[in-house]
Amino acid sequence: MSYFRITLMRSGIGLPEKTQGVLKALGLRKRMTTVYYPVSQSVAGQIMRIKELVDVKEVKHAMTKDQMRAARRPDPGYYVERRGVEEMKEL
Amino acid sequence: MFGPFRLTNPLSGGLLWKIPWRLSSHQKYRHRNRLRAVDSVVSTLDRALARQGESMKKMDRWKVEMPTEQEMLPKDKYTVFDRKVKRYRKGIHKVPKWTKVSQRLNPPGF
Chain H
0 MSYFRITLMR
10 SGIGLPEKTQ
20 GVLKALGLRK
30 RMTTVYYPVS
40 QSVAGQIMRI
50 KELVDVKEVK
60 HAMTKDQMRA
70 ARRPDPGYYV
80 ERRGVEEMKE
90 L
Chain P
0 MFGPFRLTNP
10 LSGGLLWKIP
20 WRLSSHQKYR
30 HRNRLRAVDS
40 VVSTLDRALA
50 RQGESMKKMD
60 RWKVEMPTEQ
70 EMLPKDKYTV
80 FDRKVKRYRK
90 GIHKVPKWTK
100 VSQRLNPPGF
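Heads up: the sequence lines are chains H and P, in that order.
Residue 37 in numbering that gives the first Met the number 0 sits at position 38 of the first sequence; the count goes up by one each step and never skips.
Residue 72 in numbering that gives the first Met the number 0 sits at position 73 of the second sequence; the count goes up by one each step and never skips.
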């Protein structure tokens, strides 16, 4: 099962109520918000309404909000060899 | 003399909003990119639905009626029909919200 990854690139300010309603229904409240929806006709129809405002990709798996956050996090620059807690247990 | 309320031609009453009659080359470039972005969204939707064996009436109509960015003539990309303008064409940047609407077709006969 594949998903649509929809990102709001351009805001819906100043557009007709119906267009803004579609954005709201899809959960796109602010620019650069990303939402995932399973591929279906009804979602595709909603995207057609807002095609000028969004970036759409078809992806294999949906990501949760926490996963998207973790993907954005930069590499910390270190890795943990041993933890002090485990050392203390051994003693 | 100075400051936000100085007397300039646009401020001293009347409508004097100077919008150039044609697009600059950079506006045209960005406009082409936007057209292509819309095309890519539509093709993504189409491919995703086709993979599931589904289709959509709206999509079928779009594919039949709407030309893609590459198929469009420069005339249609950068100008639109307007019955009130001499020779019936005006710059697309005069259309309200022109960067957020899809305006690609002409009325029959124009």
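If you are wondering where the hints come from, they were derived from the structure by calculation, not from laboratory data.
Just so you know, not all the hints are guaranteed correct.
[Said to hold, decoys possible] Listed below are the simulated BS3-like cross-link pairs for lysine-lysine, each with C-alpha atoms no more than 30 Å apart in a straight line: (1) P:83 / P:56; (2) H:29 / H:17; (3) P:56 / H:56; (4) P:27 / H:17; (5) P:17 / P:57; (6) H:17 / P:89; (7) P:96 / H:59; (8) P:57 / H:29; (9) H:50 / P:57; (10) P:89 / H:64; (11) H:23 / P:89; (12) P:85 / H:17; (13) H:17 / P:99; (14) H:88 / P:56; (15) H:56 / P:96; (16) P:89 / H:29.
This one's a predicted model, so the numbers in the text were calculated from it and none came from an experiment.
Here is what the structure says about each hint:
{"no.": "1", "hint": "P:83 / P:56", "in the structure": "violated (34 Å)"}
{"no.": "2", "hint": "H:29 / H:17", "in the structure": "holds (17 Å)"}
{"no.": "3", "hint": "P:56 / H:56", "in the structure": "holds (21 Å)"}
{"no.": "4", "hint": "P:27 / H:17", "in the structure": "holds (29 Å)"}
{"no.": "5", "hint": "P:17 / P:57", "in the structure": "violated (38 Å)"}
{"no.": "6", "hint": "H:17 / P:89", "in the structure": "holds (28 Å)"}
{"no.": "7", "hint": "P:96 / H:59", "in the structure": "violated (34 Å)"}
{"no.": "8", "hint": "P:57 / H:29", "in the structure": "holds (27 Å)"}
{"no.": "9", "hint": "H:50 / P:57", "in the structure": "holds (12 Å)"}
{"no.": "10", "hint": "P:89 / H:64", "in the structure": "violated (45 Å)"}
{"no.": "11", "hint": "H:23 / P:89", "in the structure": "violated (34 Å)"}
{"no.": "12", "hint": "P:85 / H:17", "in the structure": "violated (34 Å)"}
{"no.": "13", "hint": "H:17 / P:99", "in the structure": "holds (14 Å)"}
{"no.": "14", "hint": "H:88 / P:56", "in the structure": "violated (66 Å)"}
{"no.": "15", "hint": "H:56 / P:96", "in the structure": "holds (25 Å)"}
{"no.": "16", "hint": "P:89 / H:29", "in the structure": "violated (33 Å)"}
Figure legend: structure checked against the earlier numbered hints; hints not met, in rising order: 1, 5, 7, 10, 11, 12, 14 and 16.
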